[in-house]
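Protein chains in written order, with this note's numbering: chain F, 6 to 417; chain Y, 29 to 322.
If you're looking for bench data, these hints aren't it; they were derived computationally from the structure. Hints may contain errors.
Claimed, not checked - Lysine to aspartate or glutamate pairs mimicking EDC-like chemistry, simulated, CA-CA at most 20 Å apart: (1) K38/F - D312/F; (2) K126/F - D75/Y; (3) K62/F - D25/F; (4) K126/F - E42/Y; (5) K178/F - E154/F; (6) K307/F - D61/F.
Claimed, not checked - Now the in silico label distances, taken between C-beta atoms and shown as ranges: (7) G58/Y - P64/F: 27 to 35 Å; (8) K264/F - V308/Y: 45 to 53 Å; (9) S206/F - D77/Y: 30 to 38 Å; (10) E154/F - D77/Y: 49 to 57 Å.
All of these numbers come straight from a predicted model, not from anything done at the bench. We treat Cβ as the ideally placed atom computed from N, Cα and C, and that holds for glycine.
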Amino acid sequence: MLTKNASGTIPEWNWDIPGDDPGESAVLPLLIKTVEQQYPGLKVVNTSMSLSDQNDKLPLAFAAANSAPDVSQTNEGLQNQGRLVADSELLPLAQYDKLYGWFAKVGPLPLQFNSLPANGKRFGTGNVYGVPETGTVVGIFYNKALLAEVGGTPPTTWDQFTNDMALLAQHGKTAMSYAAGQPTAYQPVHMLYTIANHYVSAAAQNAFVFHTSSSASIDTPGFVQAASDMQAWTKAGYFPKGYQGLSDTQALNLFDQGKAGFFLEGDWYSGQVTQSLGANAGFWVPPVVTGGPGEGWSIPAKAANPDAGAEIINVLLSPTIQNALLKNGDIPAVTPSASALAAASPTLRAAATGWSTAVHSGNLVPYLDYATPDFLNQEMAGIQELQGGQTTPQALMQSLQSDYTHYWSQQG
Amino acid sequence: MVSPRTKSRRRRQEIVSGYLYLTPAVLFLGALIIYPLVKAVQYSLQDWDGIGVARWVGLANYTRIFTNSVERGSLVNLAILLVFYSLIPVALSLVAVNLMRRSRQRGMGFFRVVYFLPQVVVTVVVAIVWTWLLAPSGTGTVNALFGTGTPWLGSFSWALPAVGLVASWLDFGLAFVLLLPGIQRIPPEIYDAARVDGAGLLREFCRITLPMLRRDIAAAITITAVAALQSFTLIYQATNGGPGYTTMVPGLLIYRDAFQLGDVGSASALGIVMTVIVFVITFGVRSLIERNAT
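Let the sequences and hints guide you as you build the complete structure.
Here it is as structure tokens:
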């Protein structure tokens, strides 16, 4: 552990450039100030870089003691963290957790994303190499005024939510703003994941994504039911006319203009939605919810002063920084205090509460597309076929499962 | 008087210096085309993720192209897109240059620039603009013009023809600029003579324009067909291969295999198949033209 009179320069690296991560980027000055106040002899030198820079630079920089920083964000998954772990360039953080108690604060799933066996060949099991400062959830935005107009209520249960959609459709409104065209981020998969969360337990989905059980499967009645629901919603006209050719920005705009009752997306839109709809904006996080942590903070094995790096991670998880993150629109990784929550907008408050509840009750579901490298491509094409009536829910899940089985049979 | 000895020495010097002149070009071609091609053939016979150890798999990557429905489907889509990328623009520009020959108007340069403009604009921008034009609704869209609400790029029946028509629009100017100098080279006296002999427009076109533009048409078809085989940017931006796999093309699959999935073997195999197709089209068009020349 660092002593009060520690001195020297502490290189700290992150990917928090304002365009990529406005919230995390905004708290960096506060982080540096806080650390330097606690340790007057230390000087923190900040380096922010883009994700691609991070992927390119870290492996080489971490290999030598004179170029490795004392603490750095690393990207979860095989491409970045996997390479660093395989080359023994990161310290397992369990030794520091004994001193600081980070793991209990952050909760199990966010750490699972940052866990790899020593060979770095897969992720989701093994040693913890990173601790995140933020989280994200995919929830359901709603327009209170529009719901009231058709006699619906802000959803607190799945039945209420589907009932609201039916009411909106009956009144000739677009129930759910939604896009499946280009350029689209992840609308179709986020929709399917959220429906699946109603039918399939978080544990079963976790086992599928990280392949922790050989019987893990997506070809199960729950997933088939989710695909059937999505097909039924399409046929019932819940989605905007011409959704096949809309981009996700267009779907967001429709909702922001008050033209749809719901919009299913990540909490990262909460600032924008609140700005457009004001007091009419609401956000519901279903009890089992898809989401994931922000980038983890790691300590390079060759760091000159790893204890100082650990101290920086500890400050990141302190109420000072965690509350500042919430103030800047991010979900903090550690459950915020009631007073901090009260100051946040209703949508962000719902998101932060939903995240913390799901993480600590084991109901946070990882993005299913982590399952195999090609999963996202296949899912996107498959869901388009499903909605276009070109395939059946059963056939979609069978084909996803067969590719999944094939992929894992080839991993030694 | 020069002795035969000196003569043969000079001849030899010429040969040596000739090869010396060739060397830079051969080195360039070898390093930038031949070597990568040989390497690609080697990778196409291996299972390799781009970094680790490669494993010899024989023709497995090639058999997959014809057994995997997505890869096979991408070749079928490519064949359909060839019509849009190559045949339609060449046919339309043939008609256009023929009309322009007849009316020798001022401001020809202006039309040439306007028709060629799509080629100058970066393809990503073309794709973005057309994505807006083909959006399901909104002012200034194709749908607003016709009073329809079809999601052209998201529809299973329309996506491929829609992307194809954008490609035709893109390549029309290129084919036009390739054919225009050719038709201007044909001496007007030939047309005059034909007209005196009582030839109509159609006969003029079939008997004079087509045969005399043979080589230019071959060049236009070859160049636009190669553009079709390289179609990536437009598809990637406008449909990303969807909906489903209705607009999937080999170029996009190669990108996914090599850069997203780390399957360099499959990507190389598909690349080699595309190279073979380019050769077949190029030589096919050439031999057709040469045979009909006699």
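Here's how the hints hold up against the structure:
no.	hint	result
1	K38/F - D312/F	18 Å, holds
2	K126/F - D75/Y	18 Å, holds
3	K62/F - D25/F	18 Å, holds
4	K126/F - E42/Y	61 Å, violated
5	K178/F - E154/F	10 Å, holds
6	K307/F - D61/F	18 Å, holds
7	G58/Y - P64/F: 27 to 35 Å	33 Å, holds
8	K264/F - V308/Y: 45 to 53 Å	52 Å, holds
9	S206/F - D77/Y: 30 to 38 Å	34 Å, holds
10	E154/F - D77/Y: 49 to 57 Å	55 Å, holds
In this structure, the one hint that does not hold is number 4.
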